[in-house]
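Asker: Numbering (the numbering used here), first residue to last: 11 to 246.
Just so you know, the hints here were simulated from the structure itself, not pulled from any lab data.
We put the beta carbon where it would ideally sit given N, CA and C, even for glycine.
Accuracy of the hints is not assured; some may be wrong.
What the hints assert, rightly or not - Pair by pair, the computed Cβ-Cβ distance ranges are:
1. Thr167 / Ala192: 38 to 48 Å
2. Ser189 / Arg130: 33 to 43 Å
3. Lys49 / Phe73: 31 to 41 Å
4. Glu176 / Ala106: 54 to 64 Å
5. Pro204 / Ala161: 45 to 55 Å
6. Thr186 / Asp103: 52 to 62 Å
7. Ala194 / Asn101: 36 to 46 Å
8. Thr66 / Met132: 18 to 28 Å
9. Val212 / Thr167: 32 to 42 Å
10. Lys49 / Ala214: 56 to 66 Å
11. Arg187 / Val123: 15 to 25 Å
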Amino acid sequence: MEAVTSPARPLLLALALTWFVLSGTPAPAELPTAEERLKILADLESVKSQAEKEKTRPPLEFFRSQVAPFGILPYVKPNHWSTLSLELRANYDDYAGLLQTAPVALLGMPQEVLYRRDARLMRGQRARIGLQMMLPQVPRELTLELLRPEAIRADETWQTSLRMLEPHQMLILFLTRESNDAFASWNRLQAMYPTGTDRTDVQAVEHRRYYRLVLPLEPDQPLLSAHPLTWTIISH
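Work the whole structure out from these sequences, hints included.
Answerer: See below:
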C-alpha cells in the first residue's frame, strides 16, 4: 500500500474536521474555558446546596398568617368572628389532619373552646387555609396546631401574632381594580376621629379613632373572608 502523498493531506484534514462538526464531537478548540469550568462547578455546588437544604426542611412548614381583610396588620376585634388565613406546606408526604387553636377561655366562664377545621395538604405544594374564630379577649400571640385525628401530640405548632381592634372601631374596606393610594387621604377626614382629638398625639389618635382604612396591597386580589359571620366589623 502506498503512503498518502503530501497533496492529499489537506483534503483528509478537511474531511476529518467536517466529520467532527457533523457528528457533534467537540474539537479541541471548543473545550470549556477556565471561566466556563468555574461556572459549571458553581452550578453543581448550588444544586448540591439546594438538595441539602431540602433535606433539612421540617415535614410541615408554616410560612405566614394573616387576618382578613388585612394584608399585614393582624387586627382582631373582641367578641366578633374573624378569619385567620394561613399559608403552609407538607414537604415530604401528603398530609390529612386538623388545624386547631389552643384552648380559648370564655369570658367569665370556666369553659374553654377549640376552633378547628380539616387540613389537607398535597406534598410540596403551598396551601392557604382559612380558620374562623371568635376571641373574647385578644392575646398578643395565639398558638395553632397541626395534628392528626386521635393524636395525643401535635405534629407541628405555630405562634401567630394578633393585635386588638378597639371595641368602638370599624373598618372601611376599599375594593377597586386600580391603585387605591388616592383613598389614603380619607385618614385626614374629621369623621374618622372624635372632635377635639390632638392629631399630634399618635397613640391617642390610634386609640380614639372611629374607623380604620383597609387598602389591599394587591387591589385586584384583596384578602376577603368567605364567611359572612366575619363581616360584622366592616362598616363600609
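Asker: Are the hints correct? Go through all of them and say.
Answerer: Taking the hints in turn, this is what the structure says about them:
1. Thr167 / Ala192: 38 to 48 Å: 42 Å, holds
2. Ser189 / Arg130: 33 to 43 Å: 36 Å Cβ-Cβ, so the 33 to 43 Å window holds.
3. Lys49 / Phe73: 31 to 41 Å: 32 Å, holds
4. Glu176 / Ala106: 54 to 64 Å: 40 Å, violated
5. Pro204 / Ala161: 45 to 55 Å: 51 Å, holds
6. Thr186 / Asp103: 52 to 62 Å: At roughly 42 Å between Cβ atoms, aspartate 103 and threonine 186 fall outside 52 to 62 Å, so the hint is violated.
7. Ala194 / Asn101: 36 to 46 Å: 40 Å, holds
8. Thr66 / Met132: 18 to 28 Å: For threonine 66 and methionine 132 the Cβ distance comes to about 21 Å; the hint holds.
9. Val212 / Thr167: 32 to 42 Å: 35 Å, holds
10. Lys49 / Ala214: 56 to 66 Å: 59 Å, holds
11. Arg187 / Val123: 15 to 25 Å: Cβ of arginine 187 to Cβ of valine 123: about 39 Å, so the range 15 to 25 Å is violated.
The structure does not agree with the numbered hints 4, 6 and 11 stated previously, though it agrees with the rest.
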